Every structure is written in C-alpha cells, then in structure tokens.
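Colleague: Residue numbers (UniProt numbering), protein chains in the order written: chain A, 1 to 335; chain B, 1 to 335.
A hint or two may mislead.
Straight line, CA to CA, 25 angstroms or less: simulated SDA-like cross-link-like pairs of lysine to any residue [said to hold, decoys possible]:
{"id": "1", "chain 1": "B", "residue 1": "41", "chain 2": "A", "residue 2": "270"}
{"id": "2", "chain 1": "A", "residue 1": "41", "chain 2": "B", "residue 2": "270"}
{"id": "3", "chain 1": "B", "residue 1": "41", "chain 2": "A", "residue 2": "273"}
{"id": "4", "chain 1": "B", "residue 1": "41", "chain 2": "A", "residue 2": "269"}
{"id": "5", "chain 1": "A", "residue 1": "128", "chain 2": "A", "residue 2": "19"}
{"id": "6", "chain 1": "A", "residue 1": "41", "chain 2": "B", "residue 2": "273"}
{"id": "7", "chain 1": "A", "residue 1": "41", "chain 2": "B", "residue 2": "268"}
If you want the footprint, here are the derived chain A segments under chain B, 3+ residues with CB under 8 angstroms [said to hold, decoys possible]:
{"id": "8", "stretch": "94–104"}
{"id": "9", "stretch": "251–262"}
{"id": "10", "stretch": "268–274"}
These aren't lab readings, by the way, just hints derived from the structure by calculation. Bear in mind the structure is a predicted one, so any value in this text is a computation, not a measurement. The C-beta atom is built at its ideal place from N, Cα and C for all residues, glycine as well.
There are 2 protein chains.
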Amino acid sequence: MYGAGSVRIENRPDPRIQQPTDAVVRTVLSCVCGSDLWPYKSMPATDTGRPMGHEFLGVVEEVGSDLSGINAGDLVVAPFTYCDNTCDYCARGLHISCRQGGRYGIDGVDGGQGEAVRVPHADGTLVKLPVGADSSLLTLSDVMGTGHHGAVTAGVDHGDSVLVIGDGAVGLCAVLAARRLGAQQIILMGRHTDRTDLGRDFGATDVVAERGEEGVARVRDLTGGRGVEKVIEAVGTRQTLETALASVIDGGIISRLGVPQYEEGPLGPSTIMRNITLTGSRRPARAYIEELMPDVLDGTIAPGRVFDRSFSLDETPDAYQTMTDRHVLKALITF
Amino acid sequence: MYGAGSVRIENRPDPRIQQPTDAVVRTVLSCVCGSDLWPYKSMPATDTGRPMGHEFLGVVEEVGSDLSGINAGDLVVAPFTYCDNTCDYCARGLHISCRQGGRYGIDGVDGGQGEAVRVPHADGTLVKLPVGADSSLLTLSDVMGTGHHGAVTAGVDHGDSVLVIGDGAVGLCAVLAARRLGAQQIILMGRHTDRTDLGRDFGATDVVAERGEEGVARVRDLTGGRGVEKVIEAVGTRQTLETALASVIDGGIISRLGVPQYEEGPLGPSTIMRNITLTGSRRPARAYIEELMPDVLDGTIAPGRVFDRSFSLDETPDAYQTMTDRHVLKALITF
Chain A
1 MYGAGSVRIE
11 NRPDPRIQQP
21 TDAVVRTVLS
31 CVCGSDLWPY
41 KSMPATDTGR
51 PMGHEFLGVV
61 EEVGSDLSGI
71 NAGDLVVAPF
81 TYCDNTCDYC
91 ARGLHISCRQ
101 GGRYGIDGVD
111 GGQGEAVRVP
121 HADGTLVKLP
131 VGADSSLLTL
141 SDVMGTGHHG
151 AVTAGVDHGD
161 SVLVIGDGAV
171 GLCAVLAARR
181 LGAQQIILMG
191 RHTDRTDLGR
201 DFGATDVVAE
211 RGEEGVARVR
221 DLTGGRGVEK
231 VIEAVGTRQT
241 LETALASVID
251 GGIISRLGVP
261 QYEEGPLGPS
271 TIMRNITLTG
281 SRRPARAYIE
291 ELMPDVLDGT
301 IAPGRVFDRS
311 FSLDETPDAY
321 QTMTDRHVLK
331 ALITF
Chain B
1 MYGAGSVRIE
11 NRPDPRIQQP
21 TDAVVRTVLS
31 CVCGSDLWPY
41 KSMPATDTGR
51 PMGHEFLGVV
61 EEVGSDLSGI
71 NAGDLVVAPF
81 TYCDNTCDYC
91 ARGLHISCRQ
101 GGRYGIDGVD
111 GGQGEAVRVP
121 HADGTLVKLP
131 VGADSSLLTL
141 SDVMGTGHHG
151 AVTAGVDHGD
161 SVLVIGDGAV
171 GLCAVLAARR
181 LGAQQIILMG
191 RHTDRTDLGR
201 DFGATDVVAE
211 RGEEGVARVR
221 DLTGGRGVEK
231 VIEAVGTRQT
241 LETALASVID
251 GGIISRLGVP
261 QYEEGPLGPS
271 TIMRNITLTG
281 SRRPARAYIE
291 ELMPDVLDGT
301 IAPGRVFDRS
311 FSLDETPDAY
321 QTMTDRHVLK
331 ALITF
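For reference, chain A alone in the conformation it holds in the complex (with noise of 0.2 angstroms):
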C-alpha cells in the first residue's frame, strides 16, 4: 500500500530464514481484514509502501534451526500478530501484548497478502492444521478470533440476551460465537439485509435495523423493556458505543471490538452509578485457534461464510475496493 486508495501489486525478495526461531510460509489462503481499510482511506502517501496483510494459511516452506513443532511440509495457520507463546502475557492469553512479539507488515517482516511470509517465533505463533486448507480454517487467524474474543469478555453465557452492534464480518462471527457460548437471545444491529440473513443463519434471533435512539427503543421492545446483559460492540463509533451504553442493563458488560474513531468517551458519574464494566478489546486470537478449530473441523460453526467472494493475489487492489464499497463483506485472496 503507497497511500490512500492506493493498492499494488509487486515483487519483493522472496523471504528466507533470518533467525533460528523463524519459518517461511508459502501462502495458501489470505484476506483483507476490515482494519486494513482503515490505512486504504486515510494513509498518507509514500515513496517506499508498506506489505499488507496479516491473516493467512498456508505450507511451511523452510523452518529455523531452532524449531522444534514446525517442519516444512506442515499446513498452518497464522494468528494476526506473531508471539513467542512462553511470555507472561502469553501466558495469561494476551498473545498481542507479547514481549517478542509483533506485527505483520513492519519492521522487515513479510505481509500475509503475498505469496511467502517469514514468520518470527514460528514455534509459538503457528498452529498446525490437521485438514486441507480452509476458509473457515482461515477466520482463525483473526475475525472469527476476534468476535469470539467480544463474546468472552462479555462474558456471555447461557441464557443471556446479547446484543451485537456491527453487521461487519466481526459482528457476524460474534453472533456466532455467542450463540456458541449458549446466549438465549442474539439482537443484531445491522442495515445491510445480505448480512443480516447471514447474521440469522449465524444465531442472531433478532435484527434491529434502525438506529440511535430509535435503535435504543427497538432493542428495549425486544427484550421486554430491559435493556441486554452483554453488548459487543463492533463498529467503533461514539454513536455506537452510546447506543451501547443505553441498551445494556445496569451491572451489564459492554465488549469493545471496533477500533474507536473517538479518544474520548463517556465515563462520569451516571456510568458508574450504573455498574457498567467496559471490556473488550484487539483480539488475542492465537489464544482462541485451539479452541475454536474443532468446532471448525466438524462443522459445528461454519465462520467461512463470512468469504463472499474471492480474489486472486493479482486481483487484491479490486478486493480493497469492493470491500470499501461494501459490495463486498470480507474478500479472501487465493494462490
């Protein structure tokens, strides 16, 4: 990427083992995450670009001498930073702030969106596949992660009523993550009607298309005037984030998935009057993949749905675009 709007395709150097904890990745599957459309409409233009790209699978190419679970041959995925897997925040399931550990695309490491990636502390990033490559196998890698990681930390349980904000890829896998975690009621906040069928066939018991306070008052109808126990919130804005506020109960929790497009935000003396807990957040989805894959494998949840169309790697500029556009929800590139 070389800027706002601008996306090419190039040929680098093709990566090779610089440490003795790396490997090297030939990409099978790729996409474009919703975060990368941030940089697609605000970055400011360079000389130099930057790769892109930070959800992928693929075959393990070339390993470091001092691997031990990794060997070439091996399908793997790959969560969306890499991590030693041994630190203490490791440790306790926050892979991202990992004190090796970082991100694709800088600091001489390889973007996902190309055809090889060398991959840092490949022992603790990677997760061996047992199948043949996958979108659904895929989504582990980040937005499945991702909307499960809002589910968790709301804290969302059996019987609860939720309420999802954000018909994105996000929201959709957090529908399912929390009809996973056995949410009785699953309220969708979504105006795109492709999405929110998918949505529904994901769990989502209701969809709320309006709204603001309009919003408010349908999710207040729906649940019998009480507001929902757990909100995950996957869109980033300060509406949101209100809309949020005013539709949970007191002593309810609110998950934080979009970025926030604010600095600043609510939290005087009514929020705490209120007992809301404001959770969430980046998504530590290397904690989750071993979790989550069997539920994969057997087609308990079905998360590659999210893919409605594929790009090849020459195409990716098209997928930014589409995506930006919202004709498209979530473009997987091929290889």
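Given chain A's structure and the hints, the job is docking chain B onto it.
Modeller: Just chain B, lined up with the frame of chain A:
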C-alpha cells in the same frame, strides 16, 4: 443540610409505619460518608433542607404488618440504599439498581444521621446482627462493602499485585478487602502518613506518596517494571484515572470506586489495544453483608478502625467540617 457548609440539627416528626413493608429503626450508630462531603462543598442553598446520612445501625422499634424476617427489638444494619432483595437486579447482587429501591433522605424517607429512620422494604433491606453494636459492623452499611466491591470487581485473586489509589476510608477498606482476597502485593497511593500507616496495618505492602507520573514510576519500580494486575481507584479525578491506566499491565482491570469528577475519559484506540477493562461502581453493599459479617465478628478484619473520632448527634456539623478539613478520616456519630 441547607446548602454548602450548612448542616443543622433540627427536630423532625417521629417516623412511623406508612407501608406494611416498612420498619422504624432507632439509630444506635451512624457516620458521615465521603460522598456526604460533595453536597457539603457544593449544594445550592435551600429553604427546606434535606435529611442526611445513609449508613446506620440500630434497633427495630416497630414493624409493618407484612414483615416476617424482622421483629421489634432486633439489632440491624442498613445498607446505604433500601431494596426489596427479590427483584431481578437484587437477584444478581445489584441491589443499588433495585426496581423498588431508593435512597435515604429523599422522597419522604428519613436520613440515617438522625435518631430514627423509617426503612422501606425492611425485610429486603435490613440485616439482623447477632451481637451488640460495633463500629466495624457499621462499616458493612457502606464503606467496607464498597472497598470489598472494588476488590471483587477488579477480580483480585491470590498472588495478584494490586494498586489502591486513595487513602480515604474507602481506599483503606479496599486494601483490607484486597488482602482478604489473597493479593500478594498491595501498593497504597496516598500522602497522609496517619492514613497510610493504618493502610499498612490493613495489609498494604508498599506506600507511594508520589502522584501523577512520579507515582506511576514508583509503582513500576515496585513491580519490577511490569505494573500491577489490578487497580482500585478510590479518588475519582481525571488524574487518578490516568494514573490507574499508566500503572496497570496490558489486560489488567481497573475498578473505579471514586465518584468521577469528570464526564469524559480516555477510551481511544490505545486503551483497546491494551485490553484494559474498566469496571467498578457504586457499591451494592447489601449484597456483601452476609459474606463479610463473619470476618468482622471473629475479628479477622476490623474495618471500624477507619473511624478516628466520635461525635454526638449535636456535634454532627463539626463532623462535616473536620472531615472536610481532613482532620478526621471518618466521623462516627453516636446516640
């Protein structure tokens, strides 16, 4: 209270049963809450005045016809709001949001800083005490329950490092509660040595007198550079919230007990990247009375030590002023 700085002792009509669920309690012990000092500093002058006080312990004098659990002659403690203890909010321990609940001193209900109080929903509200009146039992009305709520909502667990910000009565009770729940390291941030000395008695392992960036640096030093897992913020200023955010590790929890003196707070992308949870609140003291009482009765905890001076009812105006001047930590009112 007739306005900022104006507390008067007056004769009011004797409370009497109005609803069959009422009880009338003759006060034995009461006290002044830190939250009473807010109107004492800022309340606009009025002609009618407002009964004050929401923490009291006393003897039941008369009961309504619907009461079954409370009898005349019982010694009881009252949590700082009344509640039915049966609605859906009470069932989840959120008595402060009780659907039939309310506050003392408004809507025709007496204040606790007086000789007698009509208590609505007395079966749900009052808890019988098995022994003679004791100032440590009085703290179950609010301040000890509040400190405990901070430790519970922060998820304090065995081995944790906990930062308690504020050496007022709530902060000190939070230290006691964090210790009781097994925290290994408890850093108390406060500048009044008589208070922080009591904090050490209550279980603080370290005291930090510095504030702001210097305070954060000291906390980092005391935790090997890592920061603390949990913060209990018992002041409520924007600065103390920022100190909490800068002192907690990624993935940590901040429980806010101090009534916020701000409407907006930092909720931008950096907080979400760090997986910080903001929780805590006004304190459903009622929920904790039965849990904490045995430890008070057997002397495991002695939260009554926060009362450092007794006043007669007639001296209550002095109690407000000396607490405001910080010459008294928490004023006990005896009858």
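Colleague: Confirm or reject each hint.
Modeller: Status of the hints after comparison with the structure:
1. B:41 - A:270: Holds, at roughly 20 angstroms.
2. A:41 - B:270: holds (20 angstroms)
3. B:41 - A:273: holds (20 angstroms)
4. B:41 - A:269: holds (17 angstroms)
5. A:128 - A:19: holds (20 angstroms)
6. A:41 - B:273: holds (20 angstroms)
7. A:41 - B:268: This hinted pair holds, its Cα atoms lying about 19 angstroms apart.
8. 94–104: holds (count 3)
9. 251–262: holds (count 5)
10. 268–274: Since three or more residues must qualify, the claim that chain B covers the stretch 268–274 of chain A holds, with 6 doing so at under 8 angstroms.
In the structure shown, no violation is registered for any of the earlier numbered hints.
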